[in-house]
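Protein chains: 2
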Amino acid sequence: MIIRHTDSSECAPLPMEGVQGVSMRVMVGREDGAPNFAMRHFTVDPGGHTPRHSHNYEHQVVVIKGRGEAFDQGEHRAISEGDVLFVGADDEHQFLNTSDEPLEFLCLVPLHGSCGTPVPGS
Amino acid sequence: MIIRHTDSSECAPLPMEGVQGVSMRVMVGREDGAPNFAMRHFTVDPGGHTPRHSHNYEHQVVVIKGRGEAFDQGEHRAISEGDVLFVGADDEHQFLNTSDEPLEFLCLVPLHGSCGTPVPGS
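Those sequence lines, one after another, are chains E and S.
Here my numbering is used: the first residue of the first sequence is 1, the next is one more, and so on.
Here my numbering is used: the first residue of the second sequence is 1, the next is one more, and so on.
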């Protein structure tokens with residue numbers, strides 16, 4: 001059994017187009033022997049955001065600290081600690097920190113997208 | 001996009017052998033169109049525990065409230081809010097609430113075990 005604590009200081013800046021003020025750490029992934037899905041810890045600085053994009057695999061997200069917004073079909077929906085999100089494959093989405101405190105969430109992905117290609121960051 | 005809040009009052013008692021004081025709710029599962037893995041919300045009452053068992057699929061767990069212990073290879077390891085756990089397939093495990101406050105965690109499973117059979121509660 002692996003036990004690791006979610007510590008935002010362990011997240012590293014995410015160099016990805018469309019990203020602002022986001023850092024990330026793989027909590028459980030293929031390097032740990034995870035056979036099906038992976039868990040990543042994201043920290044979004046106040047005013048920061050993930051890219052607005054879509055891809056051929058789903059997300060399951062847990063907000064563990066702070067609050068912000070999720071872009072969903074042209075709408076910005078409020079999210080906060082204790083919320084769980086399901087983003088289907090090919091659904092455009094974005095997570096934004098509209099508050100003045102860090103926003104932290106866990107984002108889970110399958111190891112492979114619908115075409116069998118490895119999912120980045122898994 | 002589905003957004004749901006983790007609310008322990010939405011969890012229902014889990015009628016399962018070896019369980020004491022545990023309730024559960026599927027947060028995202030096959031009925032929501034999840035194609036690969038499912039997320040369940042567990043609440044364990046003070047003094048309660050999940051069964052000590054193993055199975056042919058892995059767990060990824062996030063402790064979202066409280067504290068307790070995880071049984072791992074003959075040892076009881078402390079767990080608390082913000083901890084992430086990876087339990088490999090076929091590893092014996094158990095989660096216990098040794099505190100006097102509720103213990104809440106999210107437990108993710110693949111939709112199918114290693115033999116292709118559907119995972120209960122997914």
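Hints in this document: simulated from the structure, not taken from any laboratory.
One thing to keep in mind: the hints can contain errors.
Note that the list lumps identical chains together, so a pair holds whenever it fits in one copy or between two copies.
[Stated by the list, open to error] Straight line, CA to CA, 25 Å or less: simulated DMTMM-like cross-link-like pairs of lysine to aspartate or glutamate: (1) LYS65 x ASP83; (2) LYS65 x ASP7; (3) LYS65 x GLU10.
The structure presented is a predicted model; accordingly, all values stated were derived computationally and were not measured.
Going down the list of hints, with the structure as the test:
1. LYS65 x ASP83: both (10 Å within a copy, 13 Å between copies)
2. LYS65 x ASP7: both (11 Å within a copy, 16 Å between copies)
3. LYS65 x GLU10: Classified as both: same-chain Cα gap 15 Å, cross-chain 21 Å, threshold 25 Å.
In this structure, none of the earlier numbered hints is contradicted; all agree with it.
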